[in-house]
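Given the coordinates of chain A, assemble chains B, C and D onto it according to the supplied hints.
Number of protein chains: 4
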Amino acid sequence: MRNEELKPGDVVLLYSPDRKTYLVSLAEGGKLGTHAGEIRHADVLGKHYGEIVRSSTGQPFVILDPTLEDRMMKVRRLTQIIYPKDAGLILVKTGVQSGMRVIECGVGSGAATICLATAVAPTGRVYAYDREERFLEVARANVERAGLAHLVEFKVRDVAEGFDEEAVDVVLLDLPSPWEGVPAARRALRGGGRLASISPTFNQVERMVATLEAEGFVMIETVEVLLRHLLVRVGKTRPFERMIGHTGFLTFARRALQPVEPSGDAEPEIEIP
Amino acid sequence: MRNEELKPGDVVLLYSPDRKTYLVSLAEGGKLGTHAGEIRHADVLGKHYGEIVRSSTGQPFVILDPTLEDRMMKVRRLTQIIYPKDAGLILVKTGVQSGMRVIECGVGSGAATICLATAVAPTGRVYAYDREERFLEVARANVERAGLAHLVEFKVRDVAEGFDEEAVDVVLLDLPSPWEGVPAARRALRGGGRLASISPTFNQVERMVATLEAEGFVMIETVEVLLRHLLVRVGKTRPFERMIGHTGFLTFARRALQPVEPSGDAEPEIEIP
Amino acid sequence: MRNEELKPGDVVLLYSPDRKTYLVSLAEGGKLGTHAGEIRHADVLGKHYGEIVRSSTGQPFVILDPTLEDRMMKVRRLTQIIYPKDAGLILVKTGVQSGMRVIECGVGSGAATICLATAVAPTGRVYAYDREERFLEVARANVERAGLAHLVEFKVRDVAEGFDEEAVDVVLLDLPSPWEGVPAARRALRGGGRLASISPTFNQVERMVATLEAEGFVMIETVEVLLRHLLVRVGKTRPFERMIGHTGFLTFARRALQPVEPSGDAEPEIEIP
Amino acid sequence: MRNEELKPGDVVLLYSPDRKTYLVSLAEGGKLGTHAGEIRHADVLGKHYGEIVRSSTGQPFVILDPTLEDRMMKVRRLTQIIYPKDAGLILVKTGVQSGMRVIECGVGSGAATICLATAVAPTGRVYAYDREERFLEVARANVERAGLAHLVEFKVRDVAEGFDEEAVDVVLLDLPSPWEGVPAARRALRGGGRLASISPTFNQVERMVATLEAEGFVMIETVEVLLRHLLVRVGKTRPFERMIGHTGFLTFARRALQPVEPSGDAEPEIEIP
Chain A
1 MRNEELKPGD VVLLYSPDRK TYLVSLAEGG KLGTHAGEIR HADVLGKHYG EIVRSSTGQP
61 FVILDPTLED RMMKVRRLTQ IIYPKDAGLI LVKTGVQSGM RVIECGVGSG AATICLATAV
121 APTGRVYAYD REERFLEVAR ANVERAGLAH LVEFKVRDVA EGFDEEAVDV VLLDLPSPWE
181 GVPAARRALR GGGRLASISP TFNQVERMVA TLEAEGFVMI ETVEVLLRHL LVRVGKTRPF
241 ERMIGHTGFL TFARRALQPV EPSGDAEPEI EIP
Chain B
274 MRNEELKPGD VVLLYSPDRK TYLVSLAEGG KLGTHAGEIR HADVLGKHYG EIVRSSTGQP
334 FVILDPTLED RMMKVRRLTQ IIYPKDAGLI LVKTGVQSGM RVIECGVGSG AATICLATAV
394 APTGRVYAYD REERFLEVAR ANVERAGLAH LVEFKVRDVA EGFDEEAVDV VLLDLPSPWE
454 GVPAARRALR GGGRLASISP TFNQVERMVA TLEAEGFVMI ETVEVLLRHL LVRVGKTRPF
514 ERMIGHTGFL TFARRALQPV EPSGDAEPEI EIP
Chain C
547 MRNEELKPGD VVLLYSPDRK TYLVSLAEGG KLGTHAGEIR HADVLGKHYG EIVRSSTGQP
607 FVILDPTLED RMMKVRRLTQ IIYPKDAGLI LVKTGVQSGM RVIECGVGSG AATICLATAV
667 APTGRVYAYD REERFLEVAR ANVERAGLAH LVEFKVRDVA EGFDEEAVDV VLLDLPSPWE
727 GVPAARRALR GGGRLASISP TFNQVERMVA TLEAEGFVMI ETVEVLLRHL LVRVGKTRPF
787 ERMIGHTGFL TFARRALQPV EPSGDAEPEI EIP
Chain D
820 MRNEELKPGD VVLLYSPDRK TYLVSLAEGG KLGTHAGEIR HADVLGKHYG EIVRSSTGQP
880 FVILDPTLED RMMKVRRLTQ IIYPKDAGLI LVKTGVQSGM RVIECGVGSG AATICLATAV
940 APTGRVYAYD REERFLEVAR ANVERAGLAH LVEFKVRDVA EGFDEEAVDV VLLDLPSPWE
1000 GVPAARRALR GGGRLASISP TFNQVERMVA TLEAEGFVMI ETVEVLLRHL LVRVGKTRPF
1060 ERMIGHTGFL TFARRALQPV EPSGDAEPEI EIP
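Chains as they are written, first to last, in our numbering: chain A, 1 to 273; chain B, 274 to 546; chain C, 547 to 819; chain D, 820 to 1092.
Okay, chain A solo, but in the shape it has when bound (with noise of 0.2 Å):
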């Protein structure tokens, strides 16, 4: 990436070392008012990444440019978010990337639409349905002040009553009743595409694996993921003291064309590094 002059309508994160963070559409004329007093957009416009605005009150804010993390933790919420940790692990285990086409079902406020626009980009497409027109002009807006809106394609619909695509590579549910989405999911998916759902509860979790078994989905996992947060400091290093201990189940399974008897009783092995 070029690290050219900020000019207006470039997104930037104003970070200032007491960890306080602010993600700002830049404006000619624009203020943006924070704990430790305003900054004139004006002030930021022409300098770089990497280079520090004062506050009107002296305080130095950092300009950088947003990582996906922070632009799906600064989205505007209706709902609960899929938060970066589970995120990025669907990424690695769904293998969403470059060119793909994706289905989203239960796009909430787009935080995981951010996410997989990203990642498809600069030629795939998502497919992004919520029955809620509500959320969907929320997640539309998140979408396109995060520059990704050319590569998604909302549309307003319960999940029961299908999908329009055909042969896509990746369906991720965000469903309170995922396993509804499952039989629409697999008439979607490639040969081999890939499926991965969230939910907050084993019950749901239950579910929706007994579906995915029934409806000849193969490789099924459920994982959760844990992120513990280290304060280091010399000599004085512990974990944080809160921690999140809990966002979702993850499950994830792969279309086959053909059934296979499931086997799934024994643990699979983990392999340890």
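Read the hints as simulated data drawn from the structure, not as lab findings. Predicted, not measured: the structure shown is a model, and the values here were computed from it. Cβ atoms here follow ideal geometry from the backbone N, Cα and C, with glycine treated the same way. Watch out, some of these pointers could steer you wrong.
Here are the simulated distance ranges between beta carbons [said to hold, decoys possible]:
| hint | chain 1 | residue 1 | chain 2 | residue 2 | range |
| --- | --- | --- | --- | --- | --- |
| 1 | D | Arg895 | C | Ala695 | 51 to 57 Å |
| 2 | C | Ser723 | A | Ala214 | 40 to 46 Å |
| 3 | B | Arg460 | A | Lys47 | 16 to 22 Å |
| 4 | D | Arg895 | C | Glu683 | 45 to 51 Å |
| 5 | A | Asp158 | B | Gly372 | 46 to 52 Å |
| 6 | D | Gly849 | C | Ala713 | 24 to 30 Å |
| 7 | A | Gly33 | D | Val1053 | 44 to 50 Å |
| 8 | A | Arg77 | B | Gly306 | 49 to 55 Å |
| 9 | B | Gly306 | A | Ala214 | 29 to 35 Å |
| 10 | B | Gly372 | A | Gly33 | 53 to 59 Å |
| 11 | A | Lys47 | D | Glu956 | 57 to 63 Å |
Below, a list of computed lysine to any residue pairs in the SDA-like style, where the Cα atoms sit at most 20 Å apart [unchecked claim]:
| hint | chain 1 | residue 1 | chain 2 | residue 2 |
| --- | --- | --- | --- | --- |
| 12 | A | Lys236 | D | Thr1020 |
| 13 | B | Lys320 | A | Gln258 |
| 14 | D | Lys1055 | A | Glu180 |
| 15 | A | Lys236 | D | His1065 |
| 16 | B | Lys509 | C | Trp725 |
| 17 | B | Lys509 | A | Trp179 |
| 18 | C | Lys593 | D | Lys1055 |
| 19 | B | Lys509 | D | Glu1032 |
| 20 | A | Lys20 | B | Gln531 |
| 21 | C | Lys620 | C | Ala687 |
| 22 | C | Lys782 | D | Glu1032 |
| 23 | C | Lys782 | D | Pro1019 |
| 24 | A | Lys236 | B | Glu486 |
| 25 | D | Lys1055 | B | Val507 |
The following block gives chains B, C and D in isolation, referenced to the frame of chain A:
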């Protein structure tokens, strides 16, 4: 992705319902020995992803296209690899994406190289450094097998000698003494560029974070990712009895072009979903 | 405890610096085969705890008196045992202490029996029920070997038939269907008496909690304990690469004598240290 | 325990179904202000554990006898306390039991003192050292309130000055520099006696373990305990969203009377249930 007839040169993951998998590059006349008999490549050629092939003993195998995780876990290993759970977080936290230029130092067996190359495709580039020529040879073979060689430049070099590139977007350090790579990383990164590092011990993390602070990096953060598998069976769902307790700690930071005073003493706020 | 000369009948834990341990009841003329040669009991008799004995190959072993954990982990096992990490929480959460009367149902190999008997000594009593006579026989032998037989009464009985005791302080259920033991536990417990239950699956926990609510128990709480080992070496300290990912979920409750409406929908507040 | 009529001086835990609890020592004419109105002690006196009392607003409270955990969590706090999850493991790993003599150094608010005194009752003894008189005063008040004062001897003393006792069974160190207590602990412990230490940082653990090795302790082991709560509701059971991510690392060791060479480089085998 078109789900076309499989032809020589295509790479498939063969999955048997007892959860064993094999990664194979198809060749005319090829044969694969498995735990459940032999599979002739000829029986796979002409089929599609998602279809089934039977081994000499009649065992069904589903023909799948490998995910990013499959490709990472199936590398030939001379060294410990960066695990998918950690690689996923690196993707989201650094925001590696299509078109970016990325340096990896300490390539090892190339699992992370495969991850980064997949993320920057089709137009980005990975500069893969290692001081051990024998590691680079293995990594190169693994990257070629993954069909990603056109995206990666391998260089035998000790980190103390620095990197050739400038203004790269991301640097990933997987070194026994990652702090030795920080000055070179600082010089190679554009403003706002992101650094990631993985280390098994607290001591490495402590020295690394101190070095990053001294070199003017910001948004320094250290985490670990714990992955827990669930054994999901209707009416008797529970976590697995065994898990991987530790791979490494991940440190992330971003390059500021001007100095700011770190003020890292407080525990960052953790957002609760 | 007086550290007197060891005599026949004393139980010792022999520890070699490569972290192997042996639990032995000393006898005149006894011999112990180890991974590092033979140890003659005669060489231990007359020594004190903390001293060293050498095997036939010259390997030093430290003579120790077994802790509660040693005794629990060294039981002869016919079944899964309750692990020390879980037993410790049971002690603190139920408040089992000297002089209490405790029922254990589902004795298995007797590891928890040893824990409970140790906690109620010297004047309390453990009533240990199991419907499998062969388990009780093993448990009895393990309890005797731990020198605690005078504190425990063993009874072959299915939980459906209820318990003989009244007004006991604590009931511990380790049953495949622990909810079947709840009515009997309610009848046997004094007002304010505490119930603990351990089960591997979510499904068991869910049914157990629903039954406890229906039977008027209060302060119902379910937790799991994860134990992580650190490999501590100067300059290279890290968590172990392997850990136990799951043993069981622990449910705790207390007996109310009059009904109150449960209002368990909120997440209890977790106190942060 | 007899479940007799409650009388002045008895200590009760009052529990309301919205999961609030109050620890109260009953007195003629006493009153307790709660979040849901006032409770007159007179309304509790004469009742039994397990019965219900109503507040001035009609809210039911169950009258319970406090468990060890209740007593520990309800201490008046000047300092961080040792948490029940950690205390439970300390009990099992050190094997503190009825009749033992135990030294605690770094008493803080006395939560662990309450735990140890409960475990050694009715005939053992806890020697509780702290160099801060104001902490000892609070701890003494907390121990008295728990009815355990007859089991504990408090001493204002810096650990550098050593302990008065000899041949004790267990030493618990909760100090900012626990290694400073190791020589005194070694001198005070009988052969085979057990040492436990709790510290928040890796750095403390590393120095502590090195000191224990240098002072000839054996079976040195460092662990951490993670406690995870489940929200159990029929059909929607899941882990809590928040959890405590860290309290402290626990180090355990035993006193050998003669030197053996440590050989701690291997990861100890972890037994899988």
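Hint-by-hint comparison with the structure:
About 42 Å separates the C-beta atoms of Arg895 (chain D) and Ala695 (chain C), a value inconsistent with the hinted range of 51 to 57 Å. Between Ser723 (chain C) and Ala214 (chain A), the C-beta spacing of about 27 Å breaks the proposed range 40 to 46 Å. Range check, Arg460 (chain B) to Lys47 (chain A): Cβ separation about 20 Å, and the 16 to 22 Å hint holds. Here the CB-CB span from Arg895 (chain D) to Glu683 (chain C) is close to 49 Å, well matched to the stated 45 to 51 Å.
Judged by the Cβ atoms, the range 46 to 52 Å given for Asp158 (chain A) and Gly372 (chain B) is violated: they are separated by roughly 36 Å. With their beta carbons about 27 Å apart, Gly849 (chain D) and Ala713 (chain C) fall inside the hinted range of 24 to 30 Å. The hinted range of 44 to 50 Å is satisfied by Gly33 (chain A) and Val1053 (chain D), whose Cβ atoms lie roughly 47 Å apart. A hinted range of 49 to 55 Å for the beta carbons of Arg77 (chain A) and Gly306 (chain B) is consistent with their spacing of about 52 Å.
The given range of 29 to 35 Å is respected by Gly306 (chain B) and Ala214 (chain A), whose C-beta atoms sit roughly 33 Å from each other. Separated by about 34 Å at the C-beta atoms, Gly372 (chain B) and Gly33 (chain A) break the suggested range of 53 to 59 Å. In this structure the supplied range 57 to 63 Å holds for Lys47 (chain A) paired with Glu956 (chain D), their Cβ-Cβ distance being about 58 Å. Of the supplied pair hints, the one linking Lys236 (chain A) and Thr1020 (chain D) holds, its CA atoms being roughly 5 Å apart against a limit of 20 Å.
Between Lys320 (chain B) and Gln258 (chain A), the direct Cα distance comes to roughly 12 Å. Compliance with the 20 Å bound is thereby established for this hinted pair. Restraint check for Lys1055 (chain D) and Glu180 (chain A): the C-alpha separation of about 17 Å stays at or below 20 Å, so the hint holds. Between Lys236 (chain A) and His1065 (chain D) the alpha-carbon distance is near 14 Å, which keeps this suggested pair within the 20 Å criterion. For the hint pairing Lys509 (chain B) with Trp725 (chain C), the CA-to-CA distance comes to about 15 Å; that is within 20 Å, so the pair holds.
As the CA atoms of Lys509 (chain B) and Trp179 (chain A) are separated by approximately 19 Å, the hinted pair is consistent with the 20 Å bound. Proximity of Lys593 (chain C) to Lys1055 (chain D) is assessed by CA-CA distance (about 59 Å); at most 20 Å being required, the pair is judged violated. As the CA atoms of Lys509 (chain B) and Glu1032 (chain D) are separated by approximately 45 Å, the hinted pair breaks the 20 Å bound. Our distance criterion of 20 Å between C-alpha atoms is met by Lys20 (chain A) and Gln531 (chain B), whose separation comes to about 18 Å.
Between Lys620 (chain C) and Ala687 (chain C) the CA atoms are separated by roughly 12 Å; this keeps the pair inside 20 Å, and the hint holds. A distance of roughly 16 Å separates the Cα atoms of Lys782 (chain C) and Glu1032 (chain D); the hinted pair therefore holds under the 20 Å criterion. Distance restraint check for Lys782 (chain C) and Pro1019 (chain D): the Cα-Cα separation of roughly 17 Å lies within the 20 Å cut-off, and the hinted pair is therefore satisfied. For the proposed pair Lys236 (chain A) and Glu486 (chain B), the alpha carbon gap of about 16 Å is at most 20 Å, so the pair holds.
With a C-alpha separation of about 15 Å, the suggested pairing of Lys1055 (chain D) with Val507 (chain B) holds against the 20 Å cut-off.
Of the numbered hints listed earlier, those contradicted by the structure are 1, 2, 5, 10, 18 and 19.
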